[in-house]
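Chemist: Input sequences plus hints: build the corresponding full structure.
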Amino acid sequence: MRWWQTKKRHADLERELQSDLELEEEEQREGGLSGEEAHYAARRAFGNTALIREQTRSVWFGAWIESFMRDLRFGFRGIRRNASSSVFAILIVGLGIGGASTVFSVVNALLLRPLPFREPGQLVWISNGETYSTQAEHFVDLREQNHSFSDLAGWSGYYRTGNMELTGAGEPERLTSVPVTGNLFALLGVEPAIGRSFTKEECEGKYSAPPAVILSNSFWRRRFASDPDVIGRALTLDGRPATVVGILPVSFDFASVFAPGAPVDAFIPWPLADKTKPQGNTMAVVGRLKPDATIASAQAELTTLAKQLETQHPDRNTIKPRLVPLEKHVSGQVRPALVVLMCAVGVVMLIVCANVSHLQLARMAARQKEMAMRAALGAARFRLLRQILTENVVLSCCGAALGVVLTIAGTRALAHLNTVELPLLATIRVDGSTLAFMILAAVASGVLFGLAPALHVSRNRLRDGIQETGRASTGSREHGWFRDGLVISQFALACVLLVGAALLMQSFLHVLDVNLGFRPERAAALRIDPSFRISSYARQNAFIDQVLDRTRAIPGIVAAGIADVLPLDGDRSWQVGAKGQVYDKNNHPEAYIRVVTDGYFDALGVPLKTGREFSASDRATSEPVVIVNESLAHTLWPGQNAVGQIMTQDGGRRVIGVVGDVHHGGPERLGGNEAYLPMRQTGDYAAMHLVVRTTLPPSSLATSIKLALRPIDPNLPVTDFQTLQGLVDKVVSPRRFLVMLLSGFAGFALLLASLGIYALISYSVHQRTKEIGVRMALGASSWLVRRSVLAKTLRLASPGIAVGTVASFLMSRWIQSLLFATAAVNPAVFSVVSLLLCTVALIAAYIPARRASRIDPMRALRTE
Amino acid sequence: MAREKQPRANLLLGTLDMLILRTLAWGPAHGHQIGKHIQRSTDDYLQMQHGSLYPALHRLERKGWIVSKWETAPDRNREFKYYRLTEKGRKQLVVEESQWKQMTEAVARVMWPAAEES
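Each protein sequence line maps, in turn, to chains A and B.
Going by our numbering, 2 is the number at position 2 of the first sequence; the sequence numbering is gapless.
Going by our numbering, 77 is the number at position 77 of the second sequence; the sequence numbering is gapless.
What the hints contain is simulated information worked out from the structure, not anything from laboratory work.
Do not rely on the hints blindly, as some may be mistaken.
[Said to hold, decoys possible] Negatives, chain A to chain B, calculated, CB over 12 Å:
| # | residue |
| --- | --- |
| 1 | Leu-17 |
| 2 | Val-404 |
| 3 | Trp-783 |
[Stated by the list, open to error] Dumping the calculated DSSO-like pairs for lysine-lysine here, alpha-carbon to alpha-carbon at most 27 Å:
| # | chain 1 | residue 1 | chain 2 | residue 2 |
| --- | --- | --- | --- | --- |
| 4 | A | Lys-277 | A | Lys-585 |
| 5 | B | Lys-63 | A | Lys-7 |
| 6 | A | Lys-8 | B | Lys-88 |
[What the hints assert, rightly or not] Residues from chain A shown here face chain B by an in silico Cβ test under 8 Å; the list is partial:
| # | residue |
| --- | --- |
| 7 | Glu-16 |
| 8 | Gln-18 |
| 9 | Ser-19 |
| 10 | Asp-20 |
| 11 | Leu-23 |
| 12 | Glu-24 |
| 13 | Ala-50 |
| 14 | Thr-56 |
| 15 | Val-59 |
| 16 | Gln-816 |
| 17 | Leu-818 |
| 18 | Leu-819 |
Note that the structure is a prediction, hence the values are computed from the model and not measured.
Glycine included, each C-beta is placed from N, C-alpha and C at the ideal position.
Modeler: What follows is the structure, given as structure tokens:
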């Protein structure tokens with residue numbers, strides 16, 4: 001018989017006891033007692049058989065488990081009995097745990113879980129001072145000469161969304177391909193799922209004609225329906241054949257780690273020695289530390305190396321390697337926001353606990369008699385305490401079950417938010433650690449909100465419980481301060497959350513209010529690179545003329561222009577100078593370069609300050625010209641009129657106009673220096689974006705533009721039509737994400753706090769029915785009664801708000817780094833939140849207050 | 001009060017285990033016999049409490065010191081649950097006996113020091 005065969009063991013024990021009892025009875029009878037007397041004597045000799053049974057059983061299964069199961073049964077019974085309040089408690093616990101776990105799963109993916117690479121702790125992000133990228137020549141030397149890293153790898157930071165065109169079988173399509181060094185995948189520890197990585201030969205070809213291509217898993221699934229035979233097939237990329245050599249595994253999502261919000265389709269080899277590839281700071285570098293090297297030692301070594309390289313190669317750009325652990329680089333920017341979110345859900349959970357605790361306390365008061373009776377029948381206090389705790393944990397686990405559903409839904413929704421620029425978002429899911437977190441949260445909150453009612457019962461004089469009659473409960477009045485405390489703390493916590501949400505909201509509104517330097521509304525952009533190769537200026541300019549003429553002829557289009565990069569994107573920068581000026585090498589002015597056509601400024605809504613715009617006659621044959629923004633005009637020709645001056649670029653370009661600054665790095669950052677070159681005078685650009693301004697909703701234009709452009713180039717892969725407002729939305733999306741989540745939590749907290757105060761005031765009105773009756777009988781008007789109830793409400797709400805204001809004052813400095821143009825210590829926000837909380841408290845209390853004022857004195861007095 | 005009972009019960013518990021093991025050293029017996037035997041051997045000084053006998057028997061069984069089997073009694077036509085000492089139980093009995101001896105001697109030395117000297 002095994003220990004878990006409980007049924008069999010019970011029967012066995014029963015039989016044993018029965019047989020011995022009979023023996024005892026026989027002996028008693030032999031001792032001279034009559035049948036019935038013998039029966040009772042035997043029973044007496046045996047004592048409490050039920051107790052014997054229980055004690056014997058407990059030898060086998062440990063009393064603990066058995067009584068735990070009983071508590072569990074009682075717990076479920078209790079939940080069923082108080083269905084409505086239980087459902088309410090489960091609902092708010094479920095919402096709380098669901099929210100907390102969803103945020104946890106985000107935190108888990110971004111901060112806790114290691115990056116999906118081999119030994120990610122060894123990986124280091126190497127930037128070049130403030131800028132993102134390093135010159136390829138420097139990279140080659142650093143890679144050869146350093147001793148700290150087992151290897152360095154990199155990719156071109158110069159790639160852009162849709163930078164390559166796939167033609168041939170199937171619909172023509174624009175791909176996003178990243179040129180990478182051949183060792184990148186090996187360095188990260190990523191093995192192609194099928195096929196292989198690039199060979200050395202493949203990495204030594206021409207930049208413009210990659211011989212091989214590796215596909216991302218998502219692109220492979222989408223375009224080739226997961227066909228493994230695609231390996232070895234030649235794809236036509238930008239009109240040249242490239243052989244598919246590998247497919248990356250599902251687990252490797254380059255974009256979600258390094259370029260959130262911009263999926264990557266393919267990887268091509270990057271020939272570092274090829275002189276025709278883009279020059280300058282183009283390379284993003286990662287390294288894998290040797291096991292014995294540290295970030296600090298590697299930093300020291302690379303700094304020394306970089307100094308040597310700078311003196312050896314004065315012709316190259318400056319290099320100032322800056323090392324950051326890759327994990328920090330990926331999640332560093334979102335870390336403060338996530339910490340704030342995590343704290344916010346913690347606060348929400350506390351409010352949930354306070355609320356349910358209050359609810360359970362009220363329920364315990366109703367069960368006072370039951371508990372007292374149990375104690376009188378011999379239940380140990382510890383057992384009662386444990387039973388109540390178990391009941392509450394059962395309740396919170398039911399809540400957690402609901403929370404699981406919400407979390408799964410929440411993480412699904414988050415993982416598919418591909419318009420949000422947050423790293424690793426696609427990897428968010430409910431995994432083991434999220435479930436562990438939920439169980440922990442459920443048990444902890446169950447204990448937390450069950451503790452007060454449990455202690456309340458065990459500490460209470462149970463005898464009083466039985467004697468107690470009616471509603472004049474002394475026990476609950478003793479605990480009045482505790483209930484008040486729960487409500488006050490809910491208000492304080494809600495206040496903190498509301499202040500935080502309001503500050504972030506205000507800051508978000510400020511971000512949206514920023515004058516970006518262009519007008520995104522009613523503007524849209526479309527990628528229109530021709531499918532043929534542009535072989536001459538004549539051919540290029542004919543294409544441009546045709547595109548612009550046809551587009552401008554479409555009804556509803558006000559302005560149209562072409563640019564190589566769209567606003568909020570592009571960080572190609574050149575050293576620029578005014579003719580005749582000598583600059584210090586380390587302090588040479590730089591400007592972002594944009595290549596645009598006439599009509600671009602109108603289409604985008606960038607104001608022309610002085611001079612003239614490009615015209616269709618600024619061509620390869622006419623005088624080289626340039627337009628600068630106000631910052632660059634000020635940098636190069638401070639205090640002078642920039643128009644008419646000569647910039648040293650391309651052997652001298654005359655400045656013909658000055659335009660306003662555009663915030664290219666996002667609303668929070670100033671645009672910096674910008675120089676605009678006329679597209680008709682250069683071939684040095686990587687893409688063509690048609691930008692249009694319309695009087696119609698931009699999204700309705702996609703088809704008509706495609707139709708209009710078809711005759712020029714039937715293969716024109718006009719795929720990604722996007723509104724400029726969409727681009728702006730994407731840039732502010734992390735902020736919006738944070739504000740939305742935090743506002744949601746704050747709203748939930750406000751709701752809970754108002755429910756809490758409603759419950760407390762109703763309870764106190766209920767308890768004071770008699771007192772109110774007496775007062776009304778003595779002449780108190782209903783208005784006076786109502787006023788006293790509302791005054792009590794304010795007495796509770798105001799200390800909560802005061803504590804909350806002080807707490808948020810202390811914590812607001814802490815979220816300062818997340819705020820844009822918003823002071824963290826913000827009297828306006830603080831007072832609005834306080835006012836809001838007071839109003840909500842009064843509204844919540846108004847219903848019980850009105851009930852109090854309608855108490856019929858006669859009836860109230862008679863009930864006693 | 002239940003709380004005060006606890007230490008005394010524990011003391012008895014230990015000795016009771018030893019007494020049961022000793023009783024079974026004579027041969028197999030069922031619960032009732034064991035109880036009666038202890039009671040009679042001590043001239044009814046130790047009143048057997050069934051309440052502690054059965055838990056003790058089951059505890060010893062769980063520890064593997066005794067085994068149980070339903071068998072027909074030799075003198076009557078009925079089945080009883082007979083307990084039997086195992087090899088492990090026999091060793092345990094030796095251990096407990098020597099411990100008990102040491103303890104009673106130690107107690108005796110404290111209680112009657114003169115008797116020891118003479």
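Chemist: Confirm or reject each hint.
Modeler: We went through each hint and held it up to the structure:
{"no.": "1", "hint": "Leu-17", "verdict": "violated, 7 Å"}
{"no.": "2", "hint": "Val-404", "verdict": "holds, 39 Å"}
{"no.": "3", "hint": "Trp-783", "verdict": "holds, 57 Å"}
{"no.": "4", "hint": "A:Lys-277 <-> A:Lys-585", "verdict": "holds, 24 Å"}
{"no.": "5", "hint": "B:Lys-63 <-> A:Lys-7", "verdict": "holds, 20 Å"}
{"no.": "6", "hint": "A:Lys-8 <-> B:Lys-88", "verdict": "holds, 25 Å"}
{"no.": "7", "hint": "Glu-16", "verdict": "holds, 5 Å"}
{"no.": "8", "hint": "Gln-18", "verdict": "violated, 11 Å"}
{"no.": "9", "hint": "Ser-19", "verdict": "holds, 6 Å"}
{"no.": "10", "hint": "Asp-20", "verdict": "holds, 4 Å"}
{"no.": "11", "hint": "Leu-23", "verdict": "holds, 4 Å"}
{"no.": "12", "hint": "Glu-24", "verdict": "holds, 7 Å"}
{"no.": "13", "hint": "Ala-50", "verdict": "violated, 11 Å"}
{"no.": "14", "hint": "Thr-56", "verdict": "holds, 5 Å"}
{"no.": "15", "hint": "Val-59", "verdict": "holds, 4 Å"}
{"no.": "16", "hint": "Gln-816", "verdict": "violated, 57 Å"}
{"no.": "17", "hint": "Leu-818", "verdict": "violated, 57 Å"}
{"no.": "18", "hint": "Leu-819", "verdict": "violated, 60 Å"}
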